[in-house]
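Engineer: Protein chains in written order, with our numbering: chain A, 9 to 487; chain B, 9 to 487.
Treat the hints loosely; a few may be bogus.
Unchecked claim - Pairs of lysine-lysine, DSS-like flavour, derived with a Cα cap of 25 Å: (1) A/K344 to A/K333; (2) B/K449 to B/K400; (3) B/K344 to A/K144; (4) B/K36 to A/K144; (5) A/K144 to B/K35; (6) B/K46 to A/K144; (7) B/K424 to A/K333; (8) B/K478 to B/K462; (9) B/K144 to A/K35; (10) A/K214 to A/K449; (11) B/K36 to A/K71; (12) B/K46 to A/K91; (13) B/K91 to A/K46; (14) A/K46 to B/K250; (15) A/K71 to B/K264; (16) B/K144 to A/K46; (17) B/K144 to A/K344; (18) A/K479 to A/K216; (19) B/K208 to A/K326; (20) A/K35 to A/K46; (21) A/K36 to B/K326; (22) A/K362 to A/K379; (23) B/K250 to B/K208; (24) B/K144 to A/K36; (25) B/K71 to A/K333; (26) A/K214 to A/K475; (27) B/K46 to A/K93; (28) A/K46 to B/K93; (29) B/K333 to A/K71; (30) B/K216 to A/K250; (31) B/K333 to A/K144; (32) B/K216 to B/K250; (33) A/K91 to A/K216.
Since the hints were derived computationally from the structure, they do not count as laboratory data.
These numbers come from a predicted model, not from an experiment.
There are 2 protein chains.
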Amino acid sequence: MAKEKKLVEAITSMDEDFAQWYTDVVKKAELIDYTSVKGCMAIKPAGYAIWENIQHELDRRFKETGVQNVYMPMFIPESLLQKEKDHVEGFAPEVAWVTHGGLEPLQERMCVRPTSETLFCDFYARDIQSYRDLPKVYNQWCSVVRWEKTTRPFLRSREFLWQEGHTAHATAEEAEERTIQMLNVYADFCEEVLAIPVIKGRKTDKEKFAGAEATYTIESLMHDGKALQSGTSHNFGDGFAKAFDIQFTDRDNKLKYVHQTSWGMTTRMIGAIIMVHGDNSGLVLPPRIAPVQVDIIPIQQKKPGILEKAAEIEAALKEAGLRVKTDDSDRSPGWKFSEQEMRGIPVRVEMGPKDMEAGQAVVVRRDTREKITVAIENLAAEIPQILDTMQKDMLERARTHRDAHTYVAHNMEEIKDIADNKPGFIKAMWCGDQACEDRLKDEVGITSRCMPFKQEQLSDVCVCCGKPAKKMVYWGKAY
Amino acid sequence: MAKEKKLVEAITSMDEDFAQWYTDVVKKAELIDYTSVKGCMAIKPAGYAIWENIQHELDRRFKETGVQNVYMPMFIPESLLQKEKDHVEGFAPEVAWVTHGGLEPLQERMCVRPTSETLFCDFYARDIQSYRDLPKVYNQWCSVVRWEKTTRPFLRSREFLWQEGHTAHATAEEAEERTIQMLNVYADFCEEVLAIPVIKGRKTDKEKFAGAEATYTIESLMHDGKALQSGTSHNFGDGFAKAFDIQFTDRDNKLKYVHQTSWGMTTRMIGAIIMVHGDNSGLVLPPRIAPVQVDIIPIQQKKPGILEKAAEIEAALKEAGLRVKTDDSDRSPGWKFSEQEMRGIPVRVEMGPKDMEAGQAVVVRRDTREKITVAIENLAAEIPQILDTMQKDMLERARTHRDAHTYVAHNMEEIKDIADNKPGFIKAMWCGDQACEDRLKDEVGITSRCMPFKQEQLSDVCVCCGKPAKKMVYWGKAY
Chain A
9 MAKEKKLVEA ITSMDEDFAQ WYTDVVKKAE LIDYTSVKGC MAIKPAGYAI WENIQHELDR
69 RFKETGVQNV YMPMFIPESL LQKEKDHVEG FAPEVAWVTH GGLEPLQERM CVRPTSETLF
129 CDFYARDIQS YRDLPKVYNQ WCSVVRWEKT TRPFLRSREF LWQEGHTAHA TAEEAEERTI
189 QMLNVYADFC EEVLAIPVIK GRKTDKEKFA GAEATYTIES LMHDGKALQS GTSHNFGDGF
249 AKAFDIQFTD RDNKLKYVHQ TSWGMTTRMI GAIIMVHGDN SGLVLPPRIA PVQVDIIPIQ
309 QKKPGILEKA AEIEAALKEA GLRVKTDDSD RSPGWKFSEQ EMRGIPVRVE MGPKDMEAGQ
369 AVVVRRDTRE KITVAIENLA AEIPQILDTM QKDMLERART HRDAHTYVAH NMEEIKDIAD
429 NKPGFIKAMW CGDQACEDRL KDEVGITSRC MPFKQEQLSD VCVCCGKPAK KMVYWGKAY
Chain B
9 MAKEKKLVEA ITSMDEDFAQ WYTDVVKKAE LIDYTSVKGC MAIKPAGYAI WENIQHELDR
69 RFKETGVQNV YMPMFIPESL LQKEKDHVEG FAPEVAWVTH GGLEPLQERM CVRPTSETLF
129 CDFYARDIQS YRDLPKVYNQ WCSVVRWEKT TRPFLRSREF LWQEGHTAHA TAEEAEERTI
189 QMLNVYADFC EEVLAIPVIK GRKTDKEKFA GAEATYTIES LMHDGKALQS GTSHNFGDGF
249 AKAFDIQFTD RDNKLKYVHQ TSWGMTTRMI GAIIMVHGDN SGLVLPPRIA PVQVDIIPIQ
309 QKKPGILEKA AEIEAALKEA GLRVKTDDSD RSPGWKFSEQ EMRGIPVRVE MGPKDMEAGQ
369 AVVVRRDTRE KITVAIENLA AEIPQILDTM QKDMLERART HRDAHTYVAH NMEEIKDIAD
429 NKPGFIKAMW CGDQACEDRL KDEVGITSRC MPFKQEQLSD VCVCCGKPAK KMVYWGKAY
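All chains, full assembly: derive it from the sequences and hints.
Structural biologist: What follows is the structure, encoded as structure tokens:
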């Protein structure tokens with residue numbers, strides 16, 4: 009069969025062409041399909057199920073911190089977008105404009121939200137009067153549009169799915185606390201659920217969000233040594249509040265401006281999962297985020313009793329709280345193994361007539377391909393442990409890879425050499441001057457990823473200009 | 009306090025001005041706020057939490073029937089929208105057009121999806137080759153845009169949230185079966201969860217969806233006697249498949265067109281909940297959909313032990329699986345009662361020092377205001393039963409109201425008299441001719457709601473023209 013052949017064909021090796029490998033995996037694991045809408049993708053069931061799990065995990069964590077979900081319009085009238093000067097400069101060049109409603113031109117054109125600060129500010133200006141109305145800790149799940157010139161599935165597309173939190177507080181301290189709190193929620197989520205280790209830090213002024221006082225970020229390293237900004241949390245101070253006149257009467261009866269934050273995570277995390285954990289056989293999903301955790305593959309399934317036993321195992325594993333499927337299609341076991349590997353299902357359970365006779369099955373880990381023989385009656389107890397171990401090992405492996413690809417540079421010669429020859433993070437001191445950031449971008453092709461919270465004193469001078477250093481910075485090439 | 013006053017102010021009486029009553033409830037129960045984006049609303053936490061519960065309940069029911077969630081782009085290139093003739097005629101006059109991306113005009117303008125048949129067809133044309141690829145049973149949760157001239161919160165807004173299911177099948181029979189299956193899912197959901205009784209039926213050709221072969225609908229009756237189309241399920245036959253060339257190789261090795269369906273339910277159901285169950289004190293939420301089911305209101309809460317006992321009760325009720333909050337704010341019990349009633353929380357638990365001494369509390373039902381004295385240690389066992397009874401009673405009451413407002417007309421004189429004087433459904437026979445539908449709309453101001461599955465033979469002749477009747481139709485004024 010043509011389709012069967014296509015799937016078991018080797019995908020491009022990641023060492024040969026990482027970008028092509030990525031595209032192959034995204035397509036062959038059936039995460040997305042291209043569409044007739046340039047720069048926009050169709051997210052298929054296997055991809056969307058990952059996003060549903062991300063949503064579920066994040067939403068639960070948000071609500072534990074008091075977040076409430078809301079929904080704002082998808083359109084922003086041009087005059088509203090223009091209220092905050094830095095913000096409009098940052099976003100206006102990359103928005104999609106609606107100019108006609110039905111058969112008539114609009115009196116004022118509107119953009120499709122690239123992000124919703126302006127809409128939330130407009131709402132808060134109406135909704136907040138007193139200190140009793142604070143804090144507001146709102147979030148929405150939606151899609152946003154940014155008119156990117158070059159696009160790649162999950163990593164950069166003209167429309168993407170995300171959540172955007174928008175909060176308003178009575179004091180600057182409380183806003184800063186919330187900004188850091190949400191960054192920590194993202195970092196814990198990435199490490200605990202996605203098995204992706206992250207560096208927490210602050211963006212330089214050059215790299216911060218348009219309109220923010222401070223942008224905090226978590227940065228992760230992909231298998232090819234490129235960095236991925238994985239979640240950001242912004243403290244706006246009272247800049248937006250002043251532009252939108254969001255004031256409240258405080259306990260002391262004085263009118264004050266609120267302090268605001270926003271924070272977001274997107275479907276690009278699906279890209280991160282692929283690029284951190286995937287291998288030359290396809291996707292490898294961390295057990296906690298995998299829509300299907302166990303794929304039961306019966307061998308010689310036409311032999312009497314095999315499918316019945318497989319059904320028993322499936323029932324027992326589901327009873328144990330696992331997400332399980334049985335592949336009883338008429339294809340060969342080899343084909344089924346390839347498909348399970350391509351789709352990144354964390355473990356498969358192989359069981360044929362001889363296994364059944366011996367009262368056992370073989371559990372194969374997707375990440376290491378380790379084969380573990382387990383008594384059938386113990387599967388429901390042991391597989392959860394195997395998945396836990398796999399989850400921990402995946403995080404550890406990603407951390408080891410990242411640390412092995414994190415380099416230190418003391419001067420321009422060293423940083424050029426590393427950037428040219430050793431893909432990864434580069435730690436280097438910086439004077440705080442944007443001119444040096446610009447020069448590193450132009451001459452070395454790297455950008456500042458963040459000023460990490462965990463600072464180290466690598467030397468006393470800026471890697472670029474040699475003047476006194478103020479901060480250690482993580483640099484890198486980024487998606 | 010100004011805010012306190014505002015809330016306890018009486019809302020407009022529903023008998024005096026139903027439309028104003030609706031607007032008051034929507035605003036004072038804090039379900040939505042108006043925005044600077046004309047015709048679009050901001051859904052606030054209390055409103056969005058209802059939508060989250062609707063999503064949760066529907067999504068679970070969908071998945072039990074094999075539905076998989078996906079996500080398609082929000083934009084439709086004009087040429088794609090135009091591929092199916094009836095469909096474009098139905099929707100083109102009411103879409104929003106994107107003409108510029110970033111600073112440049114688009115080569116081809118795109119509309120923001122008013123519905124996604126064309127996008128799913130484009131996708132299926134690529135994705136379906138063989139009978140092995142069928143059926144496709146996909147759904148997405150998203151927002152859509154229709155450029156309405158007059159808007160009302162939840163009932164008709166330029167952007168609204170919904171789910172849209174889109175399926176493709178090998179045979180006409182399977183498509184018809186799925187169409188009816190999903191209509192039944194909607195009907196059961198409305199009755200079991202929202203306590204809203206519905207009439208199931210088929211739309212006339214005049215009222216069917218643009219491009220559909222058959223549209224099925226569930227119709228409900230609001231408190232003011234107007235009808236609300238509450239969910240629709242469409243069978244497209246192979247019309248879209250031919251327009252988009254969606255063919256598959258069947259088992260007999262022949263190329264065939266697929267048969268398709270689509271089905272949707274929207275945030276207007278929140279409007280239905282308000283208009284079916286609400287009263288002059290505000291919202292009344294059916295227990296199964298209420299984000300908060302129990303509001304514990306301590307009386308004389310500064311007396312020793314009261315708040316501690318309230319916390320104990322809250323813990324016990326949560327343990328029993330209920331959604332509970334305690335209002336320990338510094339406002340008066342009367343204010344708290346009004347707020348609980350305005351927000352439609354199904355029951356409140358009142359407990360003061362004397363109750364505590366007697367080891368009891370008073371449970372007050374929101375719908376009937378019945379007061380039930382319950383021993384504190386029995387609250388966790390009895391409140392779930394009280395909520396169950398309330399849920400059943402609400403459905404029964406809505407059904408009784410609807411039946412009492414369903415009339416039979418045999419001729420034009422009768423139907424005019426009913427339409428003018430008795431708001432409600434009108435059952436009447438119809439010849440099947442669209443001219444009669446047009447005349448009833450123009451002269452009587454009513455539209456055909458559906459041809460119910462449960463047909464009755466009220467007479468042999470059409471209510472309008474007197475020619476032989478083919479169908480009994482439910483007629484009414486609709487939102």
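Engineer: Run every hint past the structure and note whether it holds.
Structural biologist: A quick look at each hint next to the structure:
Of the supplied pair hints, the one linking A/K344 and A/K333 holds, its CA atoms being roughly 12 Å apart against a limit of 25 Å. A distance of roughly 36 Å separates the Cα atoms of B/K449 and B/K400; the hinted pair therefore is violated under the 25 Å criterion. About 21 Å separates the Cα atoms of B/K344 and A/K144, which keeps this hinted pair within 25 Å; it holds. For the suggested pair B/K36 and A/K144, the alpha carbons sit about 18 Å apart, so the restraint of at most 25 Å is met.
This hinted pair checks out: A/K144 and B/K35 have alpha carbons roughly 18 Å apart, not beyond 25 Å. Our distance criterion of 25 Å between C-alpha atoms is met by B/K46 and A/K144, whose separation comes to about 24 Å. With a C-alpha separation of about 60 Å, the suggested pair B/K424 and A/K333 falls outside the 25 Å cut-off, and the hint is violated. A C-alpha spacing of about 14 Å is found between B/K478 and B/K462, which places the hinted pair at or below 25 Å, so the restraint holds.
Note on B/K144 and A/K35: the hinted pairing holds, with a Cα-Cα distance of about 18 Å set against a maximum of 25 Å. For the given pair, A/K214 sits about 12 Å from A/K449 by alpha-carbon distance, which is consistent with the 25 Å threshold. The suggested pairing of B/K36 with A/K71 holds, with an alpha-carbon distance near 24 Å, which does not exceed 25 Å. A C-alpha spacing of about 18 Å is found between B/K46 and A/K91, which places the hinted pair at or below 25 Å, so the restraint holds.
The hinted pair formed by B/K91 and A/K46 meets the criterion: a straight-line CA distance of about 18 Å does not exceed 25 Å. A distance of roughly 24 Å separates the Cα atoms of A/K46 and B/K250; the hinted pair therefore holds under the 25 Å criterion. Annotation: proposed proximity of A/K71 to B/K264 is violated, straight-line Cα distance about 49 Å (limit 25 Å). In summary, the hint linking B/K144 to A/K46 is supported, as the alpha carbons are separated by about 24 Å, within the 25 Å threshold.
Taking the CA atoms of B/K144 and A/K344, the gap is about 21 Å. The hint holds against a cut of 25 Å. With a C-alpha separation of about 16 Å, the suggested pair A/K479 and A/K216 falls inside the 25 Å cut-off, and the hint holds. Among the hinted pairs, B/K208 with A/K326 is inconsistent with the structure: their alpha-carbon atoms are about 36 Å apart, more than 25 Å. Taking the CA atoms of A/K35 and A/K46, the gap is about 17 Å. The hint holds against a cut of 25 Å.
Taking the CA atoms of A/K36 and B/K326, the gap is about 45 Å. The hint is violated against a cut of 25 Å. Pair hint A/K362 plus A/K379 holds up; C-alpha atoms about 16 Å apart against a cutoff of 25 Å. With a C-alpha separation of about 29 Å, the suggested pair B/K250 and B/K208 falls outside the 25 Å cut-off, and the hint is violated. A hinted pair counts as satisfied when its Cα atoms are at most 25 Å apart, and B/K144 with A/K36 qualifies at roughly 18 Å.
Restraint check: the Cα-Cα separation between B/K71 and A/K333 comes to about 15 Å, which is no more than 25 Å; the hinted pair holds. Annotation: proposed proximity of A/K214 to A/K475 holds, straight-line Cα distance about 19 Å (limit 25 Å). Taking the CA atoms of B/K46 and A/K93, the gap is near 23 Å; set against the 25 Å cutoff, the hint holds. Between the alpha carbons of A/K46 and B/K93 the distance comes to roughly 24 Å, so the proposed pair stays at or under 25 Å and holds.
Of the pairs offered as hints, the one joining B/K333 and A/K71 holds, with about 15 Å between alpha carbons and a cut-off of 25 Å not exceeded. Straight-line distance between C-alpha atoms of B/K216 and A/K250 comes to about 50 Å, which puts the hinted pair past the 25 Å bound. A threshold of 25 Å between alpha carbons decides the hint, and for B/K333 with A/K144 the separation of about 18 Å falls inside it, so the pair holds. The straight-line distance between the Cα atoms of B/K216 and B/K250 is roughly 19 Å, inside the 25 Å bound, and the hint therefore holds.
Of the supplied pair hints, the one linking A/K91 and A/K216 holds, its CA atoms being roughly 19 Å apart against a limit of 25 Å.
Of the numbered hints stated above, those contradicted by the structure are hints 2, 7, 15, 19, 21, 23 and 30, listed in ascending order.
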